[in-house]
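For the sequence shown, the numbering used here assigns the number 8 to the initial residue and increments by one for each residue that follows.
Hints in this document: simulated from the structure, not taken from any laboratory. Some clues are possibly wrong.
Unchecked claim - Straight-line Cα separation of at most 25 Å, PhoX-like style, residue types lysine-lysine; simulated pairs: (1) 253 with 238; (2) 168 with 238; (3) 130 with 238; (4) 168 with 185; (5) 130 with 253; (6) 185 with 254; (7) 238 with 271; (8) 185 with 253; (9) 238 with 211; (10) 211 with 168; (11) 185 with 130.
None of the values given here were measured: they were computed from a predicted structure.
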Amino acid sequence: MNNKVYRKKPSLIRHTRDSLGREMQAWKVLIQAEWKWILSLIFGLVILIACTRPLPPNDVYLAVGQQGSIFETMGKKLVPYFAKEGVQLHLVHTKGSASSLADLADKGVQVNAALMVGGIATKGQFPNLLSLGSIEYVPLWLFYRGQDFQGSGVFAHFASKRISVGVDGSAEKIIIGKLLNLYGIALDDRENFLRIPDAEAVQKLIDGEIDAVCMMDGIDGPNIQRLLENKDIHIANFAYAPAYVKKLPFLSTVVIPMGGLGLKDHRP
8 MNNKVYRKKP SLIRHTRDSL GREMQAWKVL IQAEWKWILS LIFGLVILIA
58 CTRPLPPNDV YLAVGQQGSI FETMGKKLVP YFAKEGVQLH LVHTKGSASS
108 LADLADKGVQ VNAALMVGGI ATKGQFPNLL SLGSIEYVPL WLFYRGQDFQ
158 GSGVFAHFAS KRISVGVDGS AEKIIIGKLL NLYGIALDDR ENFLRIPDAE
208 AVQKLIDGEI DAVCMMDGID GPNIQRLLEN KDIHIANFAY APAYVKKLPF
258 LSTVVIPMGG LGLKDHRP
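All chains, full assembly: derive it from the sequences and hints.
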């Protein structure tokens, strides 16, 4: 009589299959017993995700100030970069940096980020907003028509001219207002200080309808480039720039060297 016992050889595949079967059976029993609590947990997670939106958005709205500004130019360069990551970047035009900042702080306005000029808000004024840092200098320019002005009192000279100082909500209007206060000149008390959008002001200056334009924008901005290319338009020199920086520390001195815009015609 043969009393040998035959046993199957261990099999990793069979063991894995049996383990998965037991695991699935255990989950089936758990779901049947606790389905109410599991359903409540899933519903709670859906509500949490819908309210907090932890996933990156598919659409981002970036405030870029006025048309023709350096910020608009930067925003257009960012659009294809965001598109590669599957995010559509929408450029939102505003009246200027102050307007962009207000829209960004207002939860009811569809703006997620903004490119703007620094120094237009006081410390602690917008505690829920964060700055990612500076990108480039955005100088304050004063372009004018007529005879070349060589004096040092720029603001005193142009205070009586038809000059565009930026619309309400623009950075230039705020900064110019602070600079004029240093001279005891009130920005809102003079009718010749015109509130005109930058692109419109540039065209009016080229056409000779106004005498000067004050503007805060990068040198590569389309509006600035239009004025730099016009040989009839001059750039004012701020002789007291170091004093302005001392009085208003958020400002910096930016210097264009003589001939920096063109050695052939010695501009500036």
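Q. Taking each numbered hint in turn, which are not upheld by the structure, reported in ascending numerical order?
A. 1 and 3
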